[in-house]
Amino acid sequence: DTGVSQDPRHKITKRGQNVTFRCDPISEHNRLYWYRQTLGQGPEFLTYFQNEAQLEKSRLLSDRFSAERPKGSFSTLEIQRTEQGDSAMYLCASGGTGSENYGYTFGSGTRLTVV
Amino acid sequence: AQSVTQLGSHVSVSEGALVLLRCNYSSSVPPYLFWYVQYPNQGLQLLLKYTSAATLVKGINGFEAEFKKSETSFHLTKPSAHMSDAAEYFCAVSAAGGTSYGKLTFGQGTILTVHP
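These protein sequence lines are chains D and L, in that order. Per our numbering: the first sequence = residues 1 to 115. Per our numbering: the second sequence = residues 1 to 116.
Source of the hints: derived by calculation from the structure; they are not laboratory data. Every residue, glycine too, gets a C-beta built ideally from N, C-alpha and C. Some hints could be false.
Derived list of chain D stretches under chain L, where covered just means 3 residues or more per stretch with a C-beta under 8 Å from a C-beta of chain L [as the list claims (entries may be wrong)]:
| # | region |
| --- | --- |
| 1 | 48-60 |
| 2 | 65-72 |
| 3 | 107-115 |
Start from the sequences, fold in the hints, and give me the full structure.
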């Protein structure tokens, strides 16, 4: 068990550029979540996958955001035409069946800075 | 709908003193409740959870929390603070079952400072 890995750890991009983040969950976990955390705030839910199916998306996830989880393994989160308001820490979490009973494992996050 | 309110964005204690971090929740269905800790530039680590078993929950690093349904509270305590406890703490709620898919709703966090 190597935990949840996120790549890159830090990303600085110019406004208007596209960025993509990757999350590798714990291998046997079928649930995968993306959260966004801005400075001084708690994480906010963005989207949820069960295996390869994206089952829920927050209204925070505008049409510039897209997430995928091909084959139910790793997941990617892409932001197109980045804006300064997208600057945040993007956290990935994974859990197995019944993980609502025992919690989720979070990755260390990707910190995005849009300049 | 669910929400979490953490009372006090900053709490400061002396080393060896009692730590009390307050969390109140709102949930239309039976809740599951969690406390997470976050160190700078890191992800969240689970401290403890309440999932409808014992109302007094013990977690890692000497922390515990008590679920009080009548007060809709889930306050986090530790009898004696250590310098290494300095971090940001988040209370979170999820719905037990249903179509929430286990997603967490977090409070805004409480930064704990421990003075020597």
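Now for the hints, and whether the structure bears them out:
1. 48-60: Check passed, 4 qualifying residues.
2. 65-72: violated (count 0)
3. 107-115: holds (count 4)
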